[in-house]
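Student: Assemble the whole structure, with the sequences as input and the hints as a guide.
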Amino acid sequence: MEVIKRGIKNAFRNSIRTVSIVFILGLSIGLTLTMLIARNAVDEKIASVKTSIGNTITISPAGVRGFEGGGEPLTSAQIDKVNEIKNVTGTIQSLNNRLTTDNSSLVSAIDAGSLGQRFNQTGGGQPPSDTPTEGTTSTSTTRSFTPPVMILGTNNPTNLSQSIGGGDFKLTSGEVFNGDETENISIIGKDLAEKNSLVLGSTFTAYDKDIKVVGIYDSGNSFSNNQVIVPLISLQTLTEQTGEISSAIVTVASISDIDEVVTEAKNVLGDSVDITNGADQAKTAIEPLENIKSISTISLIGSMIAGAVIILLTMMMIVRERRREIGVLKAIGATNIRVMAQFIVESITLTSMGMIIGTFIGFLGASPITKLLVQNSSSSTTQAPQQAGRGMGRIMEMGTTNIKNIQVNVGPDIILYAILAAFIIAIVGSAIPAYFISKVRPAEVMRAE
Amino acid sequence: MLEVKKATKIYKSGDNIVKAVNNISLSIPQGKFVSIIGKSGSGKSTLLSILGALDKPTSGEVIIDGKDVVLMTEAQQVDYRSKKIGFVFQNYNLIPNLTAIENIMIAMEFAHVKKIERAERASKLLIEVGLSKDKHNRKPGKLSGGEQQRVAIARALANKPKLILADEPTGNLDSATGKIIFDLLHKLSRSENTTIVAVTHDLSVAGKTDLTFSLKDGKLEKK
Chain U
1 MEVIKRGIKN AFRNSIRTVS IVFILGLSIG LTLTMLIARN AVDEKIASVK TSIGNTITIS
61 PAGVRGFEGG GEPLTSAQID KVNEIKNVTG TIQSLNNRLT TDNSSLVSAI DAGSLGQRFN
121 QTGGGQPPSD TPTEGTTSTS TTRSFTPPVM ILGTNNPTNL SQSIGGGDFK LTSGEVFNGD
181 ETENISIIGK DLAEKNSLVL GSTFTAYDKD IKVVGIYDSG NSFSNNQVIV PLISLQTLTE
241 QTGEISSAIV TVASISDIDE VVTEAKNVLG DSVDITNGAD QAKTAIEPLE NIKSISTISL
301 IGSMIAGAVI ILLTMMMIVR ERRREIGVLK AIGATNIRVM AQFIVESITL TSMGMIIGTF
361 IGFLGASPIT KLLVQNSSSS TTQAPQQAGR GMGRIMEMGT TNIKNIQVNV GPDIILYAIL
421 AAFIIAIVGS AIPAYFISKV RPAEVMRAE
Chain C
1 MLEVKKATKI YKSGDNIVKA VNNISLSIPQ GKFVSIIGKS GSGKSTLLSI LGALDKPTSG
61 EVIIDGKDVV LMTEAQQVDY RSKKIGFVFQ NYNLIPNLTA IENIMIAMEF AHVKKIERAE
121 RASKLLIEVG LSKDKHNRKP GKLSGGEQQR VAIARALANK PKLILADEPT GNLDSATGKI
181 IFDLLHKLSR SENTTIVAVT HDLSVAGKTD LTFSLKDGKL EKK
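Chains U and C, in that order, are what the protein sequence lines are. Per the working numbering, the very first residue in the first sequence carries number 1; after that it's consecutive. Per the working numbering, the very first residue in the second sequence carries number 1; after that it's consecutive.
Hints are computed from structural coordinates only; laboratory data are not their basis. Each residue gets a CB set at the ideal place from its N, CA and C atoms; glycine is no exception. Warning: the hint list may mix true and false statements.
Only pairs whose alpha carbons sit at most 27 Å apart, straight line, appear in this in silico DSS-like list of lysine-lysine [said to hold, decoys possible]: (1) U:439 to C:12; (2) U:9 to C:124; (3) U:439 to C:216; (4) U:9 to C:115; (5) C:124 to C:160; (6) C:142 to U:9; (7) C:115 to U:5; (8) C:142 to U:5; (9) U:439 to C:124; (10) C:223 to C:162; (11) U:9 to C:19; (12) C:56 to C:124.
In silico contact screen, one side only, chain U against chain C (beta carbon under 8 Å); selected entries [as the list claims (entries may be wrong)]: (13) 7; (14) 10; (15) 17; (16) 321; (17) 325; (18) 328; (19) 334; (20) 365; (21) 368; (22) 439; (23) 445.
Tutor: Right, dumping it as C-alpha cells:
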C-alpha cells in the first residue's frame, strides 16, 4: 500500500513534465481508442454487408437469359433440393411472362419510342403487327411495336426489391399477398395502374381470367413500374406451367459460404441449370471497408507502440535521474521488487491520467474520424458503379451506400478498452526501466558522490 | 562485535587490477565509535560498502552479530541491511519528495515495523537528534544541511541497528555543525550501545573516537 502511495506521489514530482507526458499519452491512447472503435464499427459493418449484399445466387435453366435462349424449364421440385443444402437460408422462386394486348386487357405504360422500335427490328421485342404507320404516305408496312407488360409470379413477396429487376420496392397502397396464395390477385406498378386507370379492388384480364388489384407499388423506375406481380401458383395455373419456374434466387448465410453452396447446387442440379452469383461484385463493394479496417488496425498498433515508447523513454529518464535514490532505497533495505513496483505504479499513474484524457478524445473523436475515413475511402470507389454493368453496378452502389451509413457505437465499453490500452502501455513501457532498476547496485550510493 | 578477516576487494579498471581493500582484518567491540581516516581513493568507501553488505569482498569474511555477511544470499543481505545496519551519507541522501518524518518511516517500512508504531517512533527519533517538531513535516529541500544530516542519523537509527556506517557524515557541513553532528553520533553510540564506523577526513574529529584506523592503498593501520 505504501509502495502504491509513493508511486502515485512520485508521478507528480515534476508537474510540468507530468502534464506534458500525460497530454502526449492522452493523445496516443485517444488515437488508439478511436482506431479501435473505428475498426470494430467497420468489422461489424463488413459482417452485416456480408449477410445482406452479394450473398445470393441465381439459378436459371441452362441456356436461358430473360426471354432469350432455350432449354428446359426449371421446376420447384429442383429448388426444394437446393433448399436443403447447408448454409442456404431461403429461396425465392419466380416465373416470368409477358402480357400483350393479345392475352391481356392491360396497355403498357411504356411508349416504344425509337429505342423500342429498334429493339423490335432486331428481334428483341414481342411479335409485331403489320399496320401502316400513321401519318406516312409509304405503301410499305412498318412493324408497329408496343412494349409488353411484364408479369412476375413469386412465392416470396416479402423481399420484392430482389425480384422486380431494378429499384426499391415500395408499396404505396393496398397489401402484399401471401407467398402460397392461389387466388388471381396482383400487385401492380404505379405507372401501369395510372395508364390503365386501375385502383385497389379493380380487375383486369389476363389469360382470359379476371385478376384483382390488391396493391400498388412504386419502384422509382419506369421499367419496374410497368409490371404485374402475382402469386407463383396463380401464374403457374394461368399459364399452364404447373410446377415450373423461370428462375430462383437462393440466399446464402454469408458471402464466404457462396462457393460451397454453388458447388453443392451444381452437384444437386447437374448441367440443366446455369448458376450465377454476385459474390465477386459484393467483395468489390466491401473492399473500401477492408481498407479502412487495415488502416485502423495499423494506426491502432502504431498508436499503442507510440504510447509504450513514450512511457518507456519517460521511465528510462526518470530511472536515470533517480539512480542515486534507487541505490539509497536498496541500501536502507528495499527489495528489488519493491523498488520496481514503486516505479511501475508511477508509470501506471501517468498512463491512467493519459487514459482519462484519451477516453475523452476517443469519445469525441471516434465517430467523426471513422466517418472521415469512410468518406475518403468510399469517394475513391464512386466511379466504379458507373463503369460497371447493371447488376454489378447495383451491388456496388448498395455497397457504397452501405459503408456511408456506418454506425459508430461509442459506449461505456470504451472505458474498458482505455483501461486495457493504458495497462498494456504501462507494463510494456515499464518493463525495460524495471530491468535497469534491478541492475542498480546499492553500493553505487557510496561512490557516486 | 564486528569482525573482518582478511577481506580483499579487487576491481578491474580497464586493463588494470585495483586492490581497493587489501587483506584487511579488524575487530571492533559492540558499542564502540570507530573512525577510519584516509585520502581519497584509499578504499574507505569500499570498506564501508563491504561492512554494510552493499558489496561483497573478493575474498575474506565479514562477521557481524555472529553471522558472515559474505555468505548471505541477496534476500538475506537486504533483510540484514534493513534491520541490523544504519547508513549515514556525506550528502544525506534523503528522499526529496518525502518529509523528514516520512524519510524515517520508509526505513521502518522496509524492516516490516508495524504501521501504527512508525510515526510515533520516527517522531521520537527526530526529537532525539534535535529536530524541532515543526520541521518534522518539511521536505529535505526546506531543511538546512545540518538538519538534513540529523534526519539522516534518525533514519539510520530507525530500526535500532547494531551497526551504523557513516560515510564522511560531516563532509558537507561547516565545522561548527560538523562538531555537533559528530557529538550526536558519539552520544548515540553510548546511549544505544550501537557500533559506529565513521569514515572522515577531519583528524580533529577522528581523535575523539574510541578507535581510529588509517587506510592507505587498501591497507589498514591502527592509530
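Student: Each hint needs a verdict: does it hold in this structure or not?
Tutor: Okay, the hints, checked on the actual structure:
no., hint, in the structure
1, U:439 to C:12, "holds, 18 Å"
2, U:9 to C:124, "holds, 25 Å"
3, U:439 to C:216, "violated, 31 Å"
4, U:9 to C:115, "holds, 19 Å"
5, C:124 to C:160, "holds, 13 Å"
6, C:142 to U:9, "holds, 18 Å"
7, C:115 to U:5, "holds, 14 Å"
8, C:142 to U:5, "holds, 22 Å"
9, U:439 to C:124, "violated, 35 Å"
10, C:223 to C:162, "holds, 24 Å"
11, U:9 to C:19, "violated, 43 Å"
12, C:56 to C:124, "violated, 34 Å"
13, 7, "violated, 11 Å"
14, 10, "holds, 7 Å"
15, 17, "violated, 13 Å"
16, 321, "violated, 11 Å"
17, 325, "holds, 6 Å"
18, 328, "holds, 5 Å"
19, 334, "holds, 5 Å"
20, 365, "violated, 35 Å"
21, 368, "violated, 41 Å"
22, 439, "violated, 13 Å"
23, 445, "holds, 6 Å"
When each numbered hint is compared with the structure, violations occur for hints 3, 9, 11, 12, 13, 15, 16, 20, 21 and 22.
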